[in-house]
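Note that the protein sequences, when read in sequence, are chains V and S.
With positions in the first sequence counted from 1, the corresponding number in my numbering is that position plus 315.
With positions in the second sequence counted from 1, the corresponding number in my numbering is that position plus 315.
Note that identical chains are pooled: a pair holds if it fits in a single copy or bridges any two copies.
Keeping only pairs whose Cα atoms sit at most 20 Å apart, straight-line, the calculated EDC-like set for lysine to aspartate or glutamate is:
id: 1; residue 1: Lys458; residue 2: Glu388
id: 2; residue 1: Lys534; residue 2: Asp460
id: 3; residue 1: Lys525; residue 2: Asp477
Hints were generated in silico from the structure; no laboratory data involved.
There are 2 protein chains.
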Amino acid sequence: MAYEPPRIAVTTDIVLFTIREGVLQVLLLRRAIPPFINVWALPGGFVELHEALEDNARRKLHEETGLDNIYLEQLYTFGALGRDPRERVVSVAYVALTPADDLHPEAETRAGTVAWHRVDPLPALAFDHAEIIAMARQRLVAKLDYSTIAFQFLPPQFTLSDVQDIYEIIQGQPMDKRNFRKWVLALDDLEETGDYRTGHHRPAMLYRLKNPDLVRITK
Amino acid sequence: MAYEPPRIAVTTDIVLFTIREGVLQVLLLRRAIPPFINVWALPGGFVELHEALEDNARRKLHEETGLDNIYLEQLYTFGALGRDPRERVVSVAYVALTPADDLHPEAETRAGTVAWHRVDPLPALAFDHAEIIAMARQRLVAKLDYSTIAFQFLPPQFTLSDVQDIYEIIQGQPMDKRNFRKWVLALDDLEETGDYRTGHHRPAMLYRLKNPDLVRITK
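Generate the whole structure from the sequences, applying the supplied hints.
Right under this line is the structure:
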């Protein structure tokens with residue numbers, strides 16, 4: 316007789332970060348169904364038999380938030396016994412980043428209310444989602460050091476100060492402006508748009524990414 | 316009616332590296348059962364309903380190779396459609412490291428023949444295991460730069476030249492001996508044993524790890 320492997324429900328959970336109001340925020344959804352009804356949770360859901368993992372993450376993010384074309388990378392797979400009160404569920408978690416303007420701060424979707432929340436402090440969360448968000452933050456802080464992931468927080472055109480703001484907010488400490496500019500331009504990922512942002516400061520050059528979809532390792 | 320989520324077979328696959336004969340090697344098992352009968356594959360297997368993911372990886376590694384107490388970390392979860400010809404299978408891959416002496420080069424276990432193979436070139440591999448090993452190598456090379464993972468390749472007592480050998484083999488390039496020693500001692504993870512290795516070179520101090528089970532991020 317052929318061996319019958321156990322079969323397990325598989326979900327994705329997406330930790331979508333943005334920078335809003337000068338702080339790191341994460342997108343949460345107030346669950347409209349049990350378990351954890353009315354409790355905040357990460358967007359995500361069950362993987363279909365004929366659906367690739369990342370396709371599921373993108374589909375769920377779209378269904379639950381309306382967002383598309385988001386930068387997404389796999390974070391870690393959470394499979395502890397008892398992490399879901401219904402049955403054994405293994406969840407493949409993703410980290411996603413978006414510029415703040417892409418989502419209205421509070422939106423009603425089919426799956427419930429979605430809203431941005433500051434990561435400090437977080438509200439009470441369903442399942443092991445606090446643990447997933449904590450690991451996602453660690454990954455984000457680490458990747459700022461050795462990749463171009465931070466640019467995914469920026470709109471299509473941005474100043475060098477905008478980039479520095481992202482780093483300072485996530486790393487929680489100020490950086491030397493001249494050194495930072497030298498470093499960021501040496502990456503050779505940016506090009507000048509020729510336009511300037513004007514306002515109450517002196518005009519600042521607007522840059523764009525040479526390859527907006529590329530997140531690369533820098534060392 | 317309650318929603319019934321799809322349920323999917325979940326496996327682990329373990330990429331166990333060692334350094335033997337001056338090169339990086341990986342442990343493979345020649346499959347004794349279909350699919351891919353007689354083809355080399357990674358150790359691993361189906362996760363039981365009441366078994367945590369890492370527990371499964373450790374159990375499979377023990378059953379198929381006899382090895383215990385191995386350093387193990389989760390790598391990535393592979394879930395492409397069609398990666399297993401039997402049915403949909405999502406596999407959580409792990410990277411593991413061991414000193415070479417822990418396993419006889421070729422051993423017969425219940426699951427088939429296990430043997431060390433050089434990573435360059437690899438034999439033909441079952442499933443998507445070539446892709447999994449490629450990602451595991453990338454992770455290993457990257458972690459050498461910012462963690463103490465390389466020490467997991469070493470026996471309980473080792474010289475500083477032994478450590479340098481590990482780095483040079485995996486990174487594929489020679490390093491300056493004085494700078495390397497300064498760097499490795501500055502990590503403050505090693506302590507002198509008081510013993511020396513003698514032979515045809517001048518006696519070399521033997522070191523051990525202060526905390527043998529700890530792999531830490533160094534920057």
